[in-house]
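Participant: As a plain string of letters, each chain reads:
Protein chains: 2
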Amino acid sequence: MNVFAVTILGNNSALPMHNRHPTAQVVYYDEHLFLVDCGEATQIQMTRYKIRRNRIRYIFISHLHGDHYFGLPGLLTGFGLNGRTEDLWIFSPPLLKEIIEMQLQASHTVLPYMLHFVPIENEGVLVDEKKITVSCFAVNHRVPCWGFLFKEKEKPFKLDNQKLQQYGIPLSYYHRLKEGEDYIAENGEIIKNEWLTKPPQPPSGYAFCADTVFDERIAEKCRNVSLLYHEATYLDDQREKAMSRMHSTSKQAATIALKANARRLIIGHFSSRYETLEDFITEAREIFPETDLALEGTTYLV
Amino acid sequence: MNVFAVTILGNNSALPMHNRHPTAQVVYYDEHLFLVDCGEATQIQMTRYKIRRNRIRYIFISHLHGDHYFGLPGLLTGFGLNGRTEDLWIFSPPLLKEIIEMQLQASHTVLPYMLHFVPIENEGVLVDEKKITVSCFAVNHRVPCWGFLFKEKEKPFKLDNQKLQQYGIPLSYYHRLKEGEDYIAENGEIIKNEWLTKPPQPPSGYAFCADTVFDERIAEKCRNVSLLYHEATYLDDQREKAMSRMHSTSKQAATIALKANARRLIIGHFSSRYETLEDFITEAREIFPETDLALEGTTYLV
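Heads up: the sequence lines are chains A and B, in that order.
The opening residue of the first sequence carries number 30 in my numbering; numbering runs sequentially from there.
The opening residue of the second sequence carries number 30 in my numbering; numbering runs sequentially from there.
It is possible that part of the hints are untrue.
The list cannot tell twin chains apart, which means a pair is met if one copy fits it or any two copies do.
To be verified - Simulated crosslink set (SDA-like; lysine to any residue; CA at most 25 Å straight-line):
hint, residue 1, residue 2
1, Lys182, Gln195
2, Lys126, Val139
3, Lys270, Val139
4, Lys126, Lys250
5, Lys79, Asn216
6, Lys270, Leu110
7, Lys270, Ser136
8, Lys79, Arg49
9, Lys227, Asp211
10, Lys79, Asn48
11, Lys288, Asn253
12, Lys159, His137
13, Lys270, Arg113
14, Lys79, Arg302
15, Lys126, Asn48
For the record, the hints were derived by calculation from the structure and aren't laboratory data.
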């Protein structure tokens, strides 16, 4: 069983208020630890919630509004001060490279590790690891903005040890059986895969939908994910303001989850105008009952 | 009596650790509120300690190491989101303007207030208000770095009402008496100022000495200040490391306060290697007894 989960470090919109912080999330998959967005004070939140930040190799920045990346310069220089030597990759809209490099230059800082900036300009796969891929998809905001889909690869069929012995399958065929092939014996007899294996767990997926106005095309990009994060900056009575600011309401987030056939939904990026959050969950659950608030310091299994 | 005080928002060096934050201080003088340095999460600290940030007109950034300004982009855009319209002045080494403007441009942000960048390139007066001046002086660090001196202007002599009546001084001469002049009667008789007034309180001064290696020239720049802030990144046993990193020890900070004939000293910018701070105060007080730790959330009268 793989560990696939997300920890919320910040769930507020633009301003840090009501003890809530700007957007940052850590996605775990087995030994991998991915950072998604990095609002101001993310490094402080990482200390608070005991995130093992040195294991991060890939950082994904959805867009260049400050509440999604103003914590990055501090995190990057902090890695340097802590003696990091492992390469680090940052996927983001193009201008980020210049911004960070200018800041490093201003402080005469030479990082002790390699920093690779990968500009995002089209949808597609960004990271392809053994068991998981991370791809980006366009969302619809005031500036170029990207959602990120963390998708487990198809899992292997599970071998049934007893059956393998019963049918006398040689060890050298096991890996083919795991990939779903039948076994053909020397006498030409076909031993069907389904007699020898159990079907794998269906792959899980986590979609981070960044900042976006309500846009049904996003549901298509996130079809059947196990866990969907969608922003919910406002409540329903502010839906016109949401539209004009290119943000979403709680009900709209729930509608996307419903249309995407997601298993569960978490909502965040709450406007500072809301001191308490109960109404967000009430409104969303009218449409999509499997909704939770994305709470800081809380980990959600995918 | 004027209110002249400083509130510490961050007292740690480079990394936020042990619940300590990077450098930021608010200096109050009557209705003025000045911000000195703006490490990451300064806006969060301002909320925590109920700082009325909208009253800030002048921001002073000592140097462009991230722990002294990475909180500035968030503060500036936050002012915008909160609808600020009053002009704001930022005094700093030159490159800051480009850094901030590139970030505003990346987010397509147009601030609703005027932002004036004043590059610091020489020692001298930066702000000249009715009762106080702020000037900068060079300190000695790895990058161009400036200390700031907040100095009350000479206060007027206090008129002694009874004596004024006794000598029959006309009202139109009062302002000259306040400035220390004698009164010359119509018959040529000289009424000495000291018979008519009480001497004013001596003007107070607060010196912020930024990040610096031990450098006795700094004591000259801060002569006779009421309150001196000097960095103390390390304890005495790390004085070679302090030297090589262009920082100071607690004893060195105390030595500067002694040589400057300061009334009191506060020390900060503690290295993250120190979880507790008692030894800093012990070491400093051996040399300069009137030393205190610059503690976050604490206000020190000047």
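Participant: Please sort Lys270 with Ser136 into within, between, both or neither, judging by C-alpha distance up to 25 Å.
Facilitator: For Lys270 and Ser136, only the inter-copy Cα distance (19 Å) is at most 25 Å; the intra-copy one is 40 Å.
Participant: Between the shortest in-copy and the shortest cross-copy C-alpha distance, which are at most 25 Å for Lys79 and Arg302: within, between, both, or neither?
Facilitator: between (29 Å within a copy, 18 Å between copies)
Participant: If the cutoff is 25 Å on CA atoms, where do Lys126 and Lys250 land: within, between, both or neither? Let me know, please.
Facilitator: Neither, since 27 Å and 40 Å both go past 25 Å.
Participant: When Cα atoms must be at most 25 Å apart, do Lys159 and His137 count as within-copy, between-copy, both, or neither?
Facilitator: neither (38 Å within a copy, 38 Å between copies)
Participant: Regarding Lys270 and Val139, is the shortest C-alpha distance of 25 Å or less found within a copy, between copies, in both, or in neither?
Facilitator: Between copies, since 19 Å is at most 25 Å while 44 Å is not.
Participant: Classify it for me, Lys126 with Asn48: is the Cα-Cα distance of at most 25 Å met within a copy, between copies, both or neither?
Facilitator: neither (30 Å within a copy, 30 Å between copies)
Participant: Measure nothing new, just compare the shortest in-copy and cross-copy C-alpha distances for Lys79 and Asn48 to 25 Å and report within, between, both or neither.
Facilitator: Both, since 18 Å and 13 Å are each at most 25 Å.
Participant: 25 Å Cα cut-off: does Lys182 pair with Gln195 within a copy, between copies, both or neither?
Facilitator: neither (30 Å within a copy, 97 Å between copies)
Participant: For Lys79 and Asn216, with the copy left unspecified, which applies at a CA distance of at most 25 Å: within, between, both, or neither?
Facilitator: Result: close neither inside a copy nor across copies, 59 Å intra and 83 Å inter.
Participant: With identical chains, the pair Lys79 and Arg49 could be close in the same copy or across copies; at 25 Å between alpha carbons, which is it: within, between, both, or neither?
Facilitator: Classified as both: same-chain Cα gap 17 Å, cross-chain 16 Å, threshold 25 Å.
Participant: For Lys126 and Val139, with the copy left unspecified, which applies at a CA distance of at most 25 Å: within, between, both, or neither?
Facilitator: both (15 Å within a copy, 22 Å between copies)
Participant: When no copy is named, should Lys227 and Asp211 be tagged within, between, both, or neither for a Cα gap of at most 25 Å?
Facilitator: This pair counts as within: shortest intra-copy Cα distance 13 Å, inter-copy 106 Å.
Of the numbered hints listed earlier, those contradicted by the structure are 1, 4, 5, 12 and 15.
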